[in-house]
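Line by line, the protein sequences give chains A and B. If you number the first sequence the way the working numbering does, the last residue is 754 and the count never jumps. If you number the second sequence the way the working numbering does, the last residue is 1071 and the count never jumps.
Note that these hints are calculated values from the structure, not bench results. Computed from a prediction, not measured in an experiment: that's the story for all the values here. Mixed in with the good hints, there may be bad ones.
Claimed, not checked - Once the Cα atoms are required to be at most 25 Å apart in a straight line, the calculated DMTMM-like pairs of lysine to aspartate or glutamate come out as: (1) A:LYS108 x A:GLU173; (2) A:LYS684 x B:ASP1055; (3) A:LYS380 x B:ASP1034; (4) A:LYS465 x B:GLU1069; (5) B:LYS1021 x A:GLU734; (6) A:LYS698 x B:GLU1031; (7) A:LYS588 x B:GLU1063; (8) A:LYS230 x A:GLU208; (9) B:LYS1060 x A:GLU687; (10) A:LYS465 x B:ASP1070; (11) A:LYS320 x B:ASP1070; (12) B:LYS1005 x B:GLU1029; (13) A:LYS588 x B:ASP1070; (14) A:LYS596 x A:GLU560; (15) A:LYS275 x A:ASP71; (16) B:LYS1021 x A:GLU714; (17) A:LYS380 x B:GLU1031; (18) A:LYS653 x A:GLU663; (19) B:LYS1015 x A:GLU711; (20) A:LYS380 x B:GLU1065; (21) B:LYS1021 x A:ASP705; (22) A:LYS12 x A:GLU33; (23) A:LYS614 x A:GLU389.
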Amino acid sequence: MDQKNLRDWEAKCTQEEPPKCKARCPLHVDGREFCRLMAAGQIDKAWAVLCKTMPFPSVSARICDGDCQNDCLREQVGGGINLAALERFAAENAKRSPMIRALPPKGKNVAVFGAHLSGLSAAWDLGKKGFTVIVFCEDKLQGFESLPADRVSNKIIEKELAQLGKMNVSFAEHGKPDPQTIMAANESFDAVFVDPLAYNSTQLGISEVDLGTLQTSIDFLFASPDVGDKPPIELIALGRKGALSIERKLQNASLTAGRDREAPFETKLFTNISKTETIPPVAVPDEGYSPEQALEEASRCLLCECMECVNNCAYLEEFKSYPKAYARQIYNNASIVMGTRMANTMINSCMLCGLCEKVCPENFAMQDIVLEARQDLVEKGHMPPSAHEFAFRDMDFADSSPCALVKHQPGTTQSNQAFFPGCQLSASDPGAIERTYAHLCSVLDGGTGLLLRCCGAPADWAGQKEMFGRKMESLKRDWESLGRPQIIAACPSCIESLRKGLPEVDVISLWTVLSSELGQLKQHPEMALLSLQDPCSARNNHELMNDVRLLLSGLDITFEEPELSGTHTECCGFGGLLANANESLADKVARRRAEKLDYDGVTYCAMCRDMLSKAGKRCQHILDIIFPDGSKDPAGRLAPGYSARRENRVRLKETLLRKTWNEQPESRSDYESIAVKFTEEARKMMEERRILLSDVQKTLHAVQDSKQVLENTENGHNLVQFRPVTVTYWVEYEMKENNYLVHRVWSHRMRVLG
Amino acid sequence: MGTLKVLDEDFSSWKCATCGKALHPSPVELEYLDSRFNVELPSCPDCGFVLIPEDLALGKMAEVERMLEDK
Ligand code: SF4
Ligand code: SF4
Ligand code: SF4
Ligand SMILES: [Zn+2]
Chain A
1 MDQKNLRDWE
11 AKCTQEEPPK
21 CKARCPLHVD
31 GREFCRLMAA
41 GQIDKAWAVL
51 CKTMPFPSVS
61 ARICDGDCQN
71 DCLREQVGGG
81 INLAALERFA
91 AENAKRSPMI
101 RALPPKGKNV
111 AVFGAHLSGL
121 SAAWDLGKKG
131 FTVIVFCEDK
141 LQGFESLPAD
151 RVSNKIIEKE
161 LAQLGKMNVS
171 FAEHGKPDPQ
181 TIMAANESFD
191 AVFVDPLAYN
201 STQLGISEVD
211 LGTLQTSIDF
221 LFASPDVGDK
231 PPIELIALGR
241 KGALSIERKL
251 QNASLTAGRD
261 REAPFETKLF
271 TNISKTETIP
281 PVAVPDEGYS
291 PEQALEEASR
301 CLLCECMECV
311 NNCAYLEEFK
321 SYPKAYARQI
331 YNNASIVMGT
341 RMANTMINSC
351 MLCGLCEKVC
361 PENFAMQDIV
371 LEARQDLVEK
381 GHMPPSAHEF
391 AFRDMDFADS
401 SPCALVKHQP
411 GTTQSNQAFF
421 PGCQLSASDP
431 GAIERTYAHL
441 CSVLDGGTGL
451 LLRCCGAPAD
461 WAGQKEMFGR
471 KMESLKRDWE
481 SLGRPQIIAA
491 CPSCIESLRK
501 GLPEVDVISL
511 WTVLSSELGQ
521 LKQHPEMALL
531 SLQDPCSARN
541 NHELMNDVRL
551 LLSGLDITFE
561 EPELSGTHTE
571 CCGFGGLLAN
581 ANESLADKVA
591 RRRAEKLDYD
601 GVTYCAMCRD
611 MLSKAGKRCQ
621 HILDIIFPDG
631 SKDPAGRLAP
641 GYSARRENRV
651 RLKETLLRKT
661 WNEQPESRSD
671 YESIAVKFTE
681 EARKMMEERR
691 ILLSDVQKTL
701 HAVQDSKQVL
711 ENTENGHNLV
721 QFRPVTVTYW
731 VEYEMKENNY
741 LVHRVWSHRM
751 RVLG
Chain B
1001 MGTLKVLDED
1011 FSSWKCATCG
1021 KALHPSPVEL
1031 EYLDSRFNVE
1041 LPSCPDCGFV
1051 LIPEDLALGK
1061 MAEVERMLED
1071 K
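Chain B on its own, in the form it takes in the complex (with noise of 0.2 Å):
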């Protein structure tokens, strides 16, 4: 399964207040009820901390969980 790209956005103004670095784009799994995704998301490059954006999480990601949860 390939990386999905679902942002367009620049996430560049944050950044990882604990390492210090800024965000950049980078392969994420991401899994729900029994189903794994691969995705493009903006992470720390030191901790690996993930940054699940709003728009995201209440726009595609909602809609997938949807779909997931009629099984």
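Pulled out of the complex, with its shape left as it was, chain A reads as follows (with noise of 0.2 Å):
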């Protein structure tokens, strides 16, 4: 990601933008943060939100006609908040004021000329910023006359004025300047500014004034057309628009550049109010809120803010913050040589299921970036090597000859189509591979071959662009051999997997097959209602999910879909390789996904199945019910364990090779000979620790050889290590008739020298 990329990122993601409240406000009073403030009691607080953006906030905060309250989204849900009557009860019901510090003087000395409302919120703001100031008046007081008494005290304007005469501003009450007076000034005053109260531009005889920045064509004077009745917080605004006039062209500054938003703007920023409950406004009493009121008032904020992805993913909940935020993280992350923990952590967890863009009002994709990033990091010899070790492992070991097979159907020399059931399928659920193979050689025609191996999948989600290349390379070659045949996929991420790799490929789903062939299937008893798991790889294939709801329905099975569904399904944990970069934070998905199923699940990706089964959840494949294997509960049947999965795929292709062509497997090589039990606690570990029955054997066979064993004198127990690559295995065990019974089990990477 370079800076223009980055750049882009981040004004994608509206979670950054002001609420509508704040948009709209002449002077963006941050009325989110004024009313969290507020419904937490913290009143003081609460008023130093106001302070912090009005000029002379006692009488401001007094005056405000709450324009914001219409543009409020809360107005949707029950009525907009009532921030006026809320900033009212914050200047009433403060005790401490916040100390308001104006700069040290600069040396440059900017005359006003009326002291009505925006004269002196621009000699507020000048003042505040060390420009010497005077406000040239008949009566300094005459600004606040006009305004409602009941809410207003002589008390409080000489409050704010005597603050005023505290922050470098001084007054000069003599009478009304006449214009010459004041087109003169600017030769004794570096810059001058015209209330329009006292003169607009036009009684001053000048033609044209820029709206945007009240610049005239003379020279360090701003002045303002008729203002009409413009309300007290629009005139305050205007002032402090000459202010940032004057202060700009002082300094040398450009006049206009980064001041689109000053005017109450649109906001881009998306809040979801579709579970909102409507709550009507308090009625706010003659003498103005009670504490009580105000309070209840300031809690009908819906503190807006988007967060849309945040609150529909896991992994995005987990770190802590949102997309924009992320993409600087990780463009940091690229930009140091030595990355923070966190940012690869937070890089490798991103399940890239997608859903994140499919929620964004912008269609944010934090998958794109993700991806990216692991893409550097391999690139750049960043990437953890743990992070993705055993998924290669075990994408290699499907790969690998006991597991994998390529063949035309038996007794013919040609494929039409081939079967790609996928290596997770194979590891969960062997046997409803050999079922739905028979079936479909029964109902094809030209031959049906079989491709048993992994797609790649693994290498693209980790980010091994080359890894990837040549593993479609080489399933290319494997497709070839077959005659290049239509390639049928039980697995979606295979499918798009093959899609991205080998697009010549003509691939269609399983499900489309079996669908437009209902006919052929078998009735299956009458089940009890379902809830549909899409997995997260389908969310762009519609054709897919259609498909599969076809077969469905067909079937007689009745599901429901829950809360996030087809294009908004959710990643069961599997996806982009979580579980082997963050395996907690898999746990905890996997279970919340559970959770939104009401009935038992019926999925069409193994991964998905075997995922919420681990999670606690009954769920089934659709495989389960077209092709049962007679078992009475299939949605109990537990996921299989690591070791396991990888047995089920070595036997899947024995099965075939005797049963179905007729053939003799290879056989084994010599370590899976040696026969291990475990205590149960060494069997979890095992699981926890991703330590492999073939892991053990190798160790066990290993010292065989080298003879080099540890040996406990209090409880007998041997000790051996064993390093075939990258980690080294430590096996602890007991001899038991010739037997080993493994008590524990434990690995590292850090390698022992001497």
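Build the complex: two chains, separate frames, hints provided.
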């Protein structure tokens, strides 16, 4: 990601956009922060929010008309927040006002003519910034005279005028200044501001004023056309505009740059109110809100923010921020040589599921940023080896000769189509593959080949472009060796991966084939209502999702769509190799998803089924229904552990070779003949620590040659170690009747040099 | 670089079955991702076989591995 990309991504996320109240307010008061503090009963702090933004806040807060109320998002669910009444309450009830400190004098003099609200606020802003200001007027109270006396007492006015006096501002009350004096003033002052209620530009004989800056044709003189009967807050905003122009002019800065959001504007902030309860406003009594009423009204504030993606994604939530900030973190992570742990784990924990893009009003695609960041880490050699290595070993194993198979249908020499079940279905439920393949062979013409191997998705997800390329090349060779058949894939991730890596292959889903051959399927027993789990890799494959629904309906299976379904489905926690990089988060995700399914789940992805099952959710694969294996409770079938998944793949190939092709499978490796038993504890340890039965067998096998064994003189246990490649395995066991009984296993990556 | 002492536990119940000797703490060099450390670990005085105990492998050692991986 370069800086330009970063800016583009940042601009897409609306989370840092202001809420509607702030955008609509002529002074851009932060109504959200104000309400948050008010609702928490922190009146002084809420008051400080107003003091930060408003000139002479004790007056401004009492005279605001609450222009924002109609724009407030609450308006659509009960009625806009009455910020004006709340501001008045804060002004009346705050016990302490923050110290307002002006900058020391800069040595620049500004003349302000007229002491109405615009002139006074220009003086306030300029004085605060260190300009020396003289306000020429008839009477310094004139600006406040028109204000309702029941709201703004003289005492309050005097207090604010006294504050002005402490901020480089003085008054010259010599009667109404005449236009000639004003026009000549920029000779003795560095700049001049004319309050439009004293003289508007027409009265001064100035023909043209720039409305965005109040700049006139006379250098260093700022004035405004007639203001009609603008409400007080807008008069204040006008003075503020003049002050900002004068400040820029005196600093030789651009008068116009970055001011497009000075007037009330449309914010881009998106806030989902579809689930917000309607609450009517708290009526304001004549004497104003009581503390309880103020708190109640402030509590109606929705504290508008987007967070739409964060609320829908456990990963985005986990790292406690939102995509705009993540984009920055990822950019920083890439640009410094020493990354921070947070960013690498963060980058590797996204499921690449694409839900964020669907729920975001601006289609922010976090998965695109994250995948690019992974590719970048891989390319620069900064990808942590432990993040994905286990998945790569699994993928390579699925593609190795004990598991992989490329064959024409028995008795044929060509394949019109080939079944591609995917390595995770082979690992999860090999029997379902045998039954499905037999069915396909019986109903399809032209020969149906079989392709057992991995689709390469793990390499793609891990950002390993080169590895993915290599996988695709070897897959292509297999496909060509079958005569370039159409591929019937059972797994939605395989479909995605194949279409991405080998666009020349015609890939269709098993579910499309089965739904078009409905008549060929057997009746299944009647079933209770199920919840459909769409895998996230099907999200953009509308044809697939549709065919699955047709298939289920055609089989008279009743199902409901969970809260997030179809194009808005949630990942089960397997996507993007999350479980490899951040297992605890993967568990959390799976549990969260399981909770959204009200009934037993039904899905068409082996990983969704196994992840949900591991999370304690009853769930079946559609193949469990279409081609049942006769077991009583397929939804309750436990997900096989890592070692069993490997064994399932090996056994699938052996069984198919023997039963379907009448061939003798190759003999197994020596180490596999080592008979090992495990204590219950050791079994759990292996699963948690991702140590496979084969790792243990290899370790015990290697020691038969090296003979390097430690012995515990207290309990008689033996301890051995082996380092096949990048990981050292330790196995603590006991010999029982010439068999190994394993008590403990552990591993580490660090190498002992000696 | 000095030798770090990372273990307080007593490993004297372990002996090297090959050499028949009890393990003794001795300095050992460890390496991961181009970083090296000198650590005191129980080893066989004869053949030099080094024991990496479970707690060390899953505790401090894993922590250091994680830290180094983020470079
Ligand atoms: S959905 Fe997420 S990415 Fe999109 S604007 Fe909202 S917070 Fe930003
Ligand atoms: S609900 Fe609150 S934050 Fe949102 S626009 Fe209204 S006052 Fe502002
Ligand atoms: S791709 Fe999925 S996991 Fe990643 S941020 Fe988006 S919704 Fe979350
Ligand atoms: Zn020894």
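Quick rundown of the hints versus the structure:
1. A:LYS108 x A:GLU173: Given pair A:LYS108, A:GLU173 holds - Cα atoms ~21 Å apart, limit 25 Å.
2. A:LYS684 x B:ASP1055: 17 Å, holds
3. A:LYS380 x B:ASP1034: 16 Å, holds
4. A:LYS465 x B:GLU1069: The given pair, whose Cα atoms are some 20 Å apart, holds under the 25 Å limit.
5. B:LYS1021 x A:GLU734: With Cα atoms ~20 Å apart, B:LYS1021 and A:GLU734 stay inside 25 Å; holds.
6. A:LYS698 x B:GLU1031: It holds: about 23 Å lies between the C-alpha atoms, which stays within 25 Å.
7. A:LYS588 x B:GLU1063: OK: A:LYS588 and B:GLU1063 at ~23 Å, within 25 Å.
8. A:LYS230 x A:GLU208: 20 Å, holds
9. B:LYS1060 x A:GLU687: 21 Å, holds
10. A:LYS465 x B:ASP1070: 21 Å, holds
11. A:LYS320 x B:ASP1070: This hinted pair holds, its Cα atoms lying about 20 Å apart.
12. B:LYS1005 x B:GLU1029: 12 Å, holds
13. A:LYS588 x B:ASP1070: Status holds; Cα separation ~24 Å.
14. A:LYS596 x A:GLU560: With a Cα-Cα distance of about 11 Å, the restraint between A:LYS596 and A:GLU560 holds, given a limit of 25 Å.
15. A:LYS275 x A:ASP71: 19 Å, holds
16. B:LYS1021 x A:GLU714: 15 Å, holds
17. A:LYS380 x B:GLU1031: 21 Å, holds
18. A:LYS653 x A:GLU663: 11 Å, holds
19. B:LYS1015 x A:GLU711: It holds: about 5 Å lies between the C-alpha atoms, which stays within 25 Å.
20. A:LYS380 x B:GLU1065: Roughly 19 Å separates the two Cα atoms, so the pair holds.
21. B:LYS1021 x A:ASP705: Answer holds: B:LYS1021 to A:ASP705 is near 20 Å, not above 25 Å.
22. A:LYS12 x A:GLU33: Measuring from Cα to Cα gives roughly 23 Å; hence the hint holds.
23. A:LYS614 x A:GLU389: 22 Å, holds
The structure is consistent with each of the numbered hints, conforming to all of them.
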